[in-house]
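Chemist: Basically the working numbering = 1-based index in the sequence shown + 212.
One or more of the hints may lead you astray.
Below, in silico cross-link-like pairs of lysine to any residue (SDA-like), each with a Cα-Cα straight-line distance of 20 angstroms or less [claimed, not checked]: (1) 279 with 395; (2) 371 with 339; (3) 378 with 368; (4) 378 with 339; (5) 371 with 355; (6) 283 with 425; (7) 394 with 284.
Estimated spans, in silico, between C-beta atoms of each pair [claimed, not checked]: (8) 310 with 395: 22 to 28 angstroms; (9) 310 with 432: 49 to 55 angstroms; (10) 429 with 399: 21 to 27 angstroms; (11) 366 with 413: 39 to 45 angstroms; (12) 375 with 431: 39 to 45 angstroms; (13) 258 with 372: 38 to 44 angstroms; (14) 432 with 272: 17 to 23 angstroms; (15) 287 with 414: 19 to 25 angstroms; (16) 296 with 273: 15 to 21 angstroms; (17) 430 with 357: 36 to 42 angstroms; (18) 276 with 399: 19 to 25 angstroms.
If you are wondering where the hints come from, they were derived from the structure by calculation, not from laboratory data. Just so you know, even glycine gets a beta-carbon here, dropped at the ideal spot from N, CA and C.
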Amino acid sequence: MRSYNLLIKIFMAVLVLVIFWQISNLWKSATPEKSELEKLIEKQQIQPVVVTVFYEALCPDSRSFIKHQLKPTFDKIEDYIDVNLIPYGKAETIVTSDDYEFKCQHGETECEANMIHACAIHKVLNSRRRLELVECMISNNMHPQAILETCAKGMDELKDIVQCSKSMEGRKMLKRFGDLTKSLDPRVSFIPTITLDHEIDNQILILKNLLRQVCQRLDSPPSECKS
213 MRSYNLLIKI FMAVLVLVIF WQISNLWKSA TPEKSELEKL IEKQQIQPVV
263 VTVFYEALCP DSRSFIKHQL KPTFDKIEDY IDVNLIPYGK AETIVTSDDY
313 EFKCQHGETE CEANMIHACA IHKVLNSRRR LELVECMISN NMHPQAILET
363 CAKGMDELKD IVQCSKSMEG RKMLKRFGDL TKSLDPRVSF IPTITLDHEI
413 DNQILILKNL LRQVCQRLDS PPSECKS
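Construct the complete structure from the given sequences, taking the supplied hints into account.
Modeler: Below, the structure is given as structure tokens:
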């Protein structure tokens, strides 16, 4: 009888341990889900910094900024940054009776490239894919049509971008970007010009370290700001 009672006690002790072990595992598996929920809530509460880049498709400084400052910053804090790209720079818009013509700082090739960039920005709605396309094209924009077809290979928007760049739609888009560029106060004197939350201050600091300048504007900077 005593051995029977002992077996019962051992069984109950083992059962209690198993129950606690199962509860512990359930708690551990539930914790990541709660963490993901918290991250989602935080993401919805973020007020991203609006980064607007006024640039030219053949400008070496524009290329350097997009490749070495804008894209790396976007990759690190994508949820905290809202990127607007304005390809026009120091170009001129000539209004005719029923159309628009353009003169660009780096010649006709740049006007063609600016037009393609304008159409790409207009047609590609996803912010990451749009920036990746612009970064790819600006890396080697001396043959604008060819580099578009290379960089946008496999993209559903390629046909629409090509059609846009060869039509009145593209010229209207580039004219609109020109109007936005010329509306800056003070006027553009250097390309690229970058505004943060529509403010044009601290150009030298932004050009040198965009990530730091964006992070300084965030109420709750992410850990990536400390890297």
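Chemist: Are the hints correct? Go through all of them and say.
Modeler: Consistency of the hints with the structure:
| no. | hint | verdict |
| --- | --- | --- |
| 1 | 279 with 395 | 26 angstroms, violated |
| 2 | 371 with 339 | 19 angstroms, holds |
| 3 | 378 with 368 | 18 angstroms, holds |
| 4 | 378 with 339 | 24 angstroms, violated |
| 5 | 371 with 355 | 17 angstroms, holds |
| 6 | 283 with 425 | 15 angstroms, holds |
| 7 | 394 with 284 | 28 angstroms, violated |
| 8 | 310 with 395: 22 to 28 angstroms | 24 angstroms, holds |
| 9 | 310 with 432: 49 to 55 angstroms | 52 angstroms, holds |
| 10 | 429 with 399: 21 to 27 angstroms | 24 angstroms, holds |
| 11 | 366 with 413: 39 to 45 angstroms | 40 angstroms, holds |
| 12 | 375 with 431: 39 to 45 angstroms | 43 angstroms, holds |
| 13 | 258 with 372: 38 to 44 angstroms | 31 angstroms, violated |
| 14 | 432 with 272: 17 to 23 angstroms | 36 angstroms, violated |
| 15 | 287 with 414: 19 to 25 angstroms | 22 angstroms, holds |
| 16 | 296 with 273: 15 to 21 angstroms | 18 angstroms, holds |
| 17 | 430 with 357: 36 to 42 angstroms | 39 angstroms, holds |
| 18 | 276 with 399: 19 to 25 angstroms | 22 angstroms, holds |
Checked against the numbered hints listed earlier, the structure breaks hints 1, 4, 7, 13 and 14; every other hint is satisfied.
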